[in-house]
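Visitor: Chain residues, written in single-letter form:
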Amino acid sequence: MTPAGLEISGGETALFWVIAPLMVLAALGLLFVKRAVHAAMCLVFVMVSMAILYIAQEAPFLGVVQVVVYTGAVMMLFLFVLMLVGVDASDSLTETIRGQRWIGVLIGIGLAAVLAGVVARAAFPPAVGLSGGDPGGIANPTALARVLFGDYGVAMEAVGVLLVTAAVGALVLTHRRRLTPKRTQRSVADSRIKALPDGVVLTPLPSPGVYARSNAMDTPALGPDGEQVPQSVSRVLRIRGQERPAPDIPAAELVETRVSAEEEA
Amino acid sequence: MNDVIGLAPWLVGFPLIGAAILLLGGKATDRWGHWLGVLASAASGVVGFILMFRMIGMPAEERSVDHHLWTWLSAGDLDVDLGIRLDPLSLTFVMLVTFVGTLIHVYSVAYMDHDPHRRRFFAYLNLFVAAMLTLVLADSYLLLFVGWEGVGLASYLLIGFWDTGRPAARENAVAAKKAFVMNRVGDMGLIAAMALLFANTGALDFATTLSDDGVGSLSQATATAVGLCLLLAACGKSAQFPLQAWLGDAMAGPTPVSALIHAATMVTAGVYLMVRSGPILEAAPTAQLVVVLVGAVTLLFGAVVGTAKDDIKKALAASTMSQIGYMMLAAGLGPAGYAFAIFHLLTHGFFKAGLFLGAGSVMHAMGDETDMRRYGGLSRFLPITWITMGLGWLAILGIPPFSGFWSKDGIIEAAFIPVDGQPWRAWVFGSVTVLGAAITAFYMTRLFFMTFGGRRPRWKDNRHPHEGSPLMWWPLVFLGVGSAALGAVLGIGGTFTTWLEPVVGHAEHHEPVLPVPVIMTVTILVVVLGALLAFRMYAVNVVPEEAPRGSVLTRAARRDLYQDAANETLVMRPALGLARVVEAGDREVVDRGWAALPQTVSWFGSVFRRAQSGYVRSYAAGMAGGVLVIAVVAWLVGGLGGAQ
Amino acid sequence: MDITNYVVLAAALFAIGATTVLLRRNAIVVFMGVELMLNATNLAFVTFARMHGDVTGQVLAFFVMVVAAAEVVVGLAIIVTIFRTRRSASVDDVNLLRG
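Here the protein sequences come in this chain order: C, P and H. If you read the first sequence in the numbering used here, its first letter stands for residue -17, the second for the next number, and so on. If you read the second sequence in the numbering used here, its first letter stands for residue 11, the second for the next number, and so on. If you read the third sequence in the numbering used here, its first letter stands for residue 1181, the second for the next number, and so on.
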C-alpha cells in the first residue's frame, strides 16, 4: 500500500490555530495564576481542548475517554481535594528555595528548546492518516479494541490490577484510626453542660439577620436590648470580615436607593 | 621376628589407649585409673621384652626391621609411610622407657596419693610414654616429630600439673610455658632439618635419608646445615646450651615427672636424635665439632650450676644437664662415641631416676621441703632412701664397679682419642670430661651429705621424717640395683657395644693420646678428690642454715650463671623492641592509612549531603536538568534527530 | 498545515508542565503540572499514530491515561494525608528527608 498522504482539511487547520494558542495560554495560566482553583480550571480547559484535538486527529475514542477520565474524574478529584484542603489555600508565588526560580525557568526553557530543536530537525515521514488510502478501514474504536485486547491483553489485565491496587492504596492512605472515643449526641450534650461555668450557652445561638430591614446571613441579630449579637453571624463570615454590622445597613440602603432613583431618572 | 612384629604397634597402643580412657572416662575412672595407668605401661614393657628377646635370638645383621603400618601422607613427591623401626637402638629405649616408666608409675601411685587429680596425672604419664615410644620407634623423621611434639606436650602438661590458676601456682604455669616456648625454638630446628632433607633427598624416612645414597646426595654444606638444625632441635629437647634455661624451672612439676621426663627419658631424646642421625653428622665434620662443643660447654655449665644449688631438685636438674652434656659430647665424637653415649644414657636413666625418686622420697618425708640446708642427718630416718640414693651417688660419680663408671669412663676415653689434623681436640675435650667428672663428684657428694650426713638435723622439730609406703620404696630398690649392677652387666666384655653395632656401626679401635689405665687412674683420682673436698665441707663441717653470700662464682652459679638475664637481654628484649616497632608501624602507618579511606568517604559524604536538601522540587530540578544534559549530549554525540 | 504542528504544541505543553512542577509550591498544582506533561505526551502519541497510520500509538495513550488515573488517586491520597498531619499543602514543608 503506497501511502497516499494525508490531507489536512482547512477546517482542522482553523481549529488548530484557534485552539492551540488558547491551550498554551491556559497552560501558562497553570504557571502564573495564584489560586489553585483557577489553575484547576485552566487545566480543565487544556484537557477539554485536548479532547477536541484528539477527535480531530482521528481518535474519537480517546477524545471521549479524555473527557470522561480527565475532566470528568481526575479533575473532579483535584477539585474535591482542593475543597478538602481549602478552596482558598492560595500559593504565595514568592520563591523560598534560593535559586530555584532561575533553575526552573532555565530548565523549562532548555527543555522547550531541546524539544523544539528535535522536532524541527527530525525527519518525519510523510503523514499517512489512520484510514489512509483505505476508505473501508475499520472505524476507530473497533480498531483500537482489536489492538488493545489482542496485542496488549496482558498489559490490559496488569493495568486493571494496578487500578484496583491504587483504589485500595488510596483507601489505606486516607484511613484514619479513631484515637478518641466517638462523639455521640449524648457526649456532646454532657460536655456542654460541663462547660456551663465557662460561659457556654446551652441553647442554640441566635439566628442572624433578624432585623427590620434586612434578613441576610451577614447581618447580626439584635438582642432585646437593641444591641447586636455577634455570635448570630456564621463564624466563617466573621473570620473573613464579611459581616455587615447593623448600623451600616441603613446607609448602604440609602446609597442603593439613591443610585436606583438616579438610574430611573 | 615376623611372628611377633605384629605386637610392635601395641608398644604405643597400650599407653595411648590408657591415656584415652583416663582422659575421656573422667571421674568414673577416678577409683582405679592409676592402676590402669600402671597396667598400660607394664603391658607395653612386656611387649618390649618379647620383642627384645626375639631380636637377641636373631643374627646381628638382621637386627633392623622396618614394620610398615599404613601410608600416612601422600602429597606430591612426598610419600610418608607410617611405620615402626625395630632395631637395637630403639629397643634399648623401649626397655628404658617402659621399665623405668613403669617403676615411676608405681611410685606415683603412692606419691600422688593425696592429689585430687591423680587420675589426670596418670593420663598424662601414659600419654608421655606413648609419645616417647612413638619418638623412638618411628621409622621416619616426620613420625619422630609427632612423638617429639607429643613428649613436649606431655612435659608441658606435667610441669604445669599443679597450676591451679591461683597466684601461688604461678611458678608452675611460668615454668611450663618457659619449657614449651624454648622447646618450640628447638622444634623449628627439626622442621628446618626435615625441610632440608626433603628438598635434597626427597624423602623423610630413615631407610632412605640415612642410607649411603641418601647421605651421599647431600653436599657438605647441606649436611652441615642439616646437622646444625638437628643439633638445635636436640639442644631444645635435651636442655643443652644455649637452650638449657627451661630445665631448672621444670622442676616445679611433681617429682616423678622430673624423674621420668626431665631426667631419664625425654631430655635424652636429643641424644637419641643425634645418634640416630649419625650418618648425616659424620658427613659434616663441622656440625660434629659443634655438637662436641655444645656438649662440653653444657657439661661444665651444668656442673658449675649444680655446685651452688641448695634446692635438691634443681641441683639434680643441673646434674642432668651436665650428664646429657657428656652424652652429647660422645654423640659428636662419631662411631667411637655413639655406643657410649647411649650406654651412659641408659645407666644415667637408671641412677638419675633413682636419685630423683629418692629426692621425692626425702621431700615426701620432709613435707615438701626442697632446701637441702633444711635437711641433714636423714640417714637414720630414711634408711632405704639413703642406701638407694647412695648407690645412685656412687654410680654418677663413676666409682667402679657401679654402673656410671662403665659408661662415663668410656666417654672420657673416647674424648681422648685424637682426631686427624686437630690434635688439640683430644686434649681439650678429654680434659673437659675429666674436669666435669671432678665437679660432678663434688656437687653430688655435697648433695648427698647435705641431705643424709651432717652432725645434727637442721629441720624444724615438728617434722617426723619416715619412709613412705612400699609402693614408694620398691621402685627405689629396683633402680638402686640397676644403678649398681647395670653397668657391669652390660659393660664387661662390651656386650652393650656389640648389641648396638648394627645401628651405630663398628668403631675402629683408636688409641687415646694417653694410655687407658692412666686416664682411668687420673679420673678416679680427681673424682675421689672432689668427693673428699665436698665431704670435708658438708659432712665434717657444719652446714649453715642460711646460705652464705659466697664468692662471685657461687652467686653466679646460684643464678644459673645468669642464663635468664642473658636470654632476656639477648633475645627477649630485642624481640620485644621489634614487636613494639612493628606494632607502632602497624598502628601509625597501616591503621592510619586505612582510617584515611573511610575519612575520605566520610568527607565526600558531608560534601554531597548538602545536595540532599529535602526539597522535592530541588530533586525534580536535578532530574529535569539531568534529562536535559543527557538529551543535549546525545544530540551532540549521536546527532539525535540529525539523521537525514 | 503540517501535522508536526501538533508535535510542537505537545512539546510546548510539556515544557510548561515541567516548569510548573519546578516552580509551584502547592502540591496540588505541582500535580496538575505532572498531569499536563502526561497529556502533552498523549497528544504526541496520538499525533504519531495518525502520522504513521498505526493505531498502537493511541493504545499507548490509553494506557498512559489509565496509569495517570491510578497515579492521581494515590498521589492525592498522599497529599490529603500530609495535609491532615501538617496542615499545609506546600511541597517545601515536607523536607524531613534533608541530609
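Everything labelled a hint here was simulated from the structure, so no lab data went into it. Glycine included, every Cβ here is placed at the ideal spot set by N, Cα and C. Don't take every hint at face value.
What the hints assert, rightly or not - With a straight-line cut-off of 20 Å between C-alpha atoms, the simulated DMTMM-like cross-links for lysine to aspartate or glutamate are: (1) K470(P) <-> D596(P); (2) K16(C) <-> D1273(H); (3) K187(P) <-> D197(P); (4) K16(C) <-> D1234(H); (5) K187(P) <-> D173(P); (6) K187(P) <-> D223(P).
Claimed, not checked - Some chain H residues judged to face chain P by a derived CB distance under 8 Å, without partners named: (7) V1244; (8) V1271; (9) R1278.
To be verified - What the simulated footprint calls covered on chain H by chain C, stretch by stretch (three residues with Cβ under 8 Å from a Cβ of chain C suffice, anywhere in the stretch; the number is not a length): (10) 1188 to 1197; (11) 1247 to 1259.
Visitor: Each of the hints needs a verdict: does it hold here or not?
Guide: Hint check:
1. For the suggested pair K470(P) and D596(P), the alpha carbons sit about 58 Å apart, so the restraint of at most 20 Å is broken.
2. With a C-alpha separation of about 19 Å, the suggested pair K16(C) and D1273(H) falls inside the 20 Å cut-off, and the hint holds.
3. At most 20 Å may separate the alpha-carbon atoms for a hinted pair to count; K187(P) and D197(P) meet this at roughly 15 Å.
4. At roughly 42 Å between alpha-carbon atoms, K16(C) and D1234(H) are farther apart than 20 Å, so this suggested pair is violated.
5. A C-alpha spacing of about 11 Å is found between K187(P) and D173(P), which places the hinted pair at or below 20 Å, so the restraint holds.
6. For a cut-off of 20 Å, the pair hint linking K187(P) to D223(P) is broken: about 41 Å separates their Cα positions.
7. Restraint check, V1244(H) versus chain P: the minimum CB separation of about 18 Å is more than 8 Å; hint violated.
8. Of the supplied interface hints, the one on V1271(H) holds, with its beta-carbon coming within about 5 Å of a beta-carbon of chain P, less than 8 Å.
9. Residue-level restraint check for R1278(H) holds (minimum Cβ-Cβ distance to chain P is 3 Å; threshold 8 Å).
10. Requiring three or more residues with a Cβ within less than 8 Å of a Cβ of chain C, the coverage given for the region 1188 to 1197 of chain H holds, as 9 such residues are present.
11. Interface restraint, the region 1247 to 1259 of chain H with chain C: holds (12 residues with C-beta to C-beta distance below 8 Å; minimum three).
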